[in-house]
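If you read the protein sequences in the order shown, they are chains A and B.
Using the working numbering, you'd call the opening residue of the first sequence number 0 and step up by one each time.
Using the working numbering, you'd call the opening residue of the second sequence number 0 and step up by one each time.
These aren't lab readings, by the way, just hints derived from the structure by calculation.
Among the hints, erroneous ones may be present.
The list cannot tell twin chains apart, which means a pair is met if one copy fits it or any two copies do.
Unchecked claim - Computed list of lysine-lysine pairs in DSS-like fashion (alpha-carbon distance at most 30 Å, straight line): (1) Lys-426 - Lys-241; (2) Lys-426 - Lys-216; (3) Lys-216 - Lys-371; (4) Lys-241 - Lys-216; (5) Lys-241 - Lys-371; (6) Lys-216 - Lys-439.
2 protein chains.
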Amino acid sequence: MPFLRTASALLLAAAAVAPAPAAESRPNIVFIFADNLGYGELGCYGGGVMRGAPTPRIDALAAQGTRLTNMNMEPQCTPSRASMLTGRWAIRSGCHSVPFGGGADGLTRWEVTIGEVLSEAGYATGYFGKWHLGSDQGRHPTDQGFDQWFGIPRTSDESLWPVTPGYSPDILPVEHVLEGERDQPSRDLGIYDLERRRQIDGEITRRSADFIARQAKAGRPFLACISLTQPHLPTEPGPAWKGRTGHGNWADMLAEMDHHVGELLDAIDQAGAGDNTVVVFTSDNGAEFTRPWDGCSGPWRGQYFTALEGGLRVPFLVRWPGKVPAGRVSNEVMHGVDLFATFAGLGAGRIPADRPIDSRDQRDFLLGRSQKSARDSFLVFVGDRLQAAKWRNYKLHFYRQDTMVDPPVRYPVPMVCNLFTDPREEKPGLTAWVVAPVMKMVEEYEASVRRFPNIPMGTPDPYIPPR
Amino acid sequence: MPFLRTASALLLAAAAVAPAPAAESRPNIVFIFADNLGYGELGCYGGGVMRGAPTPRIDALAAQGTRLTNMNMEPQCTPSRASMLTGRWAIRSGCHSVPFGGGADGLTRWEVTIGEVLSEAGYATGYFGKWHLGSDQGRHPTDQGFDQWFGIPRTSDESLWPVTPGYSPDILPVEHVLEGERDQPSRDLGIYDLERRRQIDGEITRRSADFIARQAKAGRPFLACISLTQPHLPTEPGPAWKGRTGHGNWADMLAEMDHHVGELLDAIDQAGAGDNTVVVFTSDNGAEFTRPWDGCSGPWRGQYFTALEGGLRVPFLVRWPGKVPAGRVSNEVMHGVDLFATFAGLGAGRIPADRPIDSRDQRDFLLGRSQKSARDSFLVFVGDRLQAAKWRNYKLHFYRQDTMVDPPVRYPVPMVCNLFTDPREEKPGLTAWVVAPVMKMVEEYEASVRRFPNIPMGTPDPYIPPR
């Protein structure tokens, strides 16, 4: 796409500003995100009992804090995680797509993650669960600012490979479960097979709870990134949860996830850290699509790997007792990329000033000092293709693509729909004026890319910016 | 459909039982139902801000009481109202379809409505809003057990007729707004044109609030049936609400509806009747379909006039302080037809024993004495066609019909889907055993019809049962 290359200082303006003095004491941050959990799964989003399993612990978390109905993510695992952790659209860091088929993948070490930002600001940092931002030694969480990690470098579908007819490890080996400490090579904890896949969220939860307890005792502020592997395919509950709901694997899994989140909340309380801990629960992208494991996007259409709302909108709950308004529900536009600057702001961390940062600090919005989000729009990339844009309550689609396996087809003119009156994005509106603010966004992005070229996918370390 | 005719005492067993002694003091009943309000519109069902308007008053009502996620209705206005008010599937009373084109319509006076049942039990009874169960004098609410009424005999689309090119009143006159007292002819309050249509829910609310205040003062238990006309097409807010949300007519209408429900709740409180009043809020059927006014079915597919969940499932909230559990959310199957026996039970009214009654008394379930509904299944008629059946968490479709204007096409074998894992009813399952309990239901229904033939649509009064 040739129009995605030039120079502008616009996007750097915010980045160059030094962090504002922290009005809040620097809280702990427990950042829990599920894998492919669709908008419609949780009780507080109209799911729960309707999906065969109530989610009382997560619903209670929602009631204790603020719940967003318009939180958006990049629509694939790798880009979503890249943007949340670096504050940059994943296309900038070479992480615009889930990597397939081996080879170098993930974030270059040149990227600055929230782990590095908060670590430098004095936080203890732990990463537990699925990473998907670098398979090789040297590209794991402990190479990107986290003091310790446990989890899988890639993704849960690999656990199915050994039971796929025709597969042999000679073709491509299945990933292993790993653990590690800062700047050390990760240690191998064995193959990530189906049995391990069913159990890993329990282990992620136990290790996370242990980290929370230890850091709270040490009296040091901490960041725990807890990247649950459910409900990503193969969607199966842990052995202790199998058959619990009577409504099948998906419902059992949902009950298990609710229980795990409850265990994490209990760990925070038991550590006496409830009042001084920001808890965020969200999902990396929209609903699982691959049958028979497909998920529920609630009122929206589409799933992950699409620019439809079902791909972008995810559950988002945030709790900080006495600071984040309780019981608030907001439809303001926010994006996962904003978590970087928001978490940095909470921890008084320093945001890099030498690169485009797309993240907006959402503290004023989330802490209730403003009814408005710091963002009302964003571009939607699907892979390296600018597929759509969201601007206020409008969505503009450049391409039509209904599922991850449909080839995208360019619309002759952008398809604009009103998300209030047309949540399923089926009714193009006569709203050509919406194209103007969207094209302004596109031009600003292109200008920034001309000045700071995107890092190509598969770039090895060391990466040296071409300036 | 020849298999819909024979004799069984099964359905009569429940009907012949005398009402149980009332364990509860006989409460007032304020029964509010919207017109074509889809499952996904209210904040407490995942709508609200996502549709452009928060619904704080209705959401608070939900939190104060019990909210059902599996309340079902017959999927058209006339049958839905007939089944709620008589406790009989609408096909029995000749009300299986919305009447079009003039002629005799609605309930024969032989039917016994909840108005008659509770009136006989000493309740003051009022009906306010859309009726759609009889156009002619002699078939209005005040001919069916209600002490007074105000509203429209048919439906809101007629308000558009005068602005439709080619229309003339000679062809078919538009309905008028009416009011009346028990056993008196209704009085004409003028044509139901577009201007009146926009204002009528305000008037329904004021008259209902006045009725509540008067009856509470008189110290007599009362039943207020409040049949709001929104959001049925043409979906437009009242003049005072136009432009309030900034998000268009639909959102303005939603804000207005929430306000009206709030006014009714305030009226109950101001009358000092809060603790002794059961408040129910629901919708007559699934979402509005006709563009540009179509509504939101939330996670379900389909709209009114279809047997898809979006046609059947409706919001349902019930509050009775200290009696109905607060904050409870249940996915147990319940049906609008059950309101007849449930309201009769609450008021210690007598249910007729001389005809098939399909209604189940849901007091144990709604009052929290049982986790289980008194029903786990029902048949779905679309017009006079047995189109589908719901049995526990399964749906069995005899016909495929995606919208009200698609011709129904019979499936070669019934299409069965699991509503937990397939809320959009797109994935037929290998669950042929579900057909067995459904066919048992069908046989019981057919047997009852052989003994008590259904009343044909358009039957004039007096109706004399052929026995």
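Structure-based check of all given hints:
1. Lys-426 - Lys-241: Intra 42 Å, inter 23 Å, cutoff 30 Å: inter-copy only.
2. Lys-426 - Lys-216: Answer is neither; intra-copy 55 Å and inter-copy 51 Å both fail.
3. Lys-216 - Lys-371: neither (37 Å within a copy, 46 Å between copies)
4. Lys-241 - Lys-216: Cα proximity of Lys-241 and Lys-216: none, with 35 Å in one copy and 57 Å across.
5. Lys-241 - Lys-371: between (43 Å within a copy, 23 Å between copies)
6. Lys-216 - Lys-439: neither (49 Å within a copy, 63 Å between copies)
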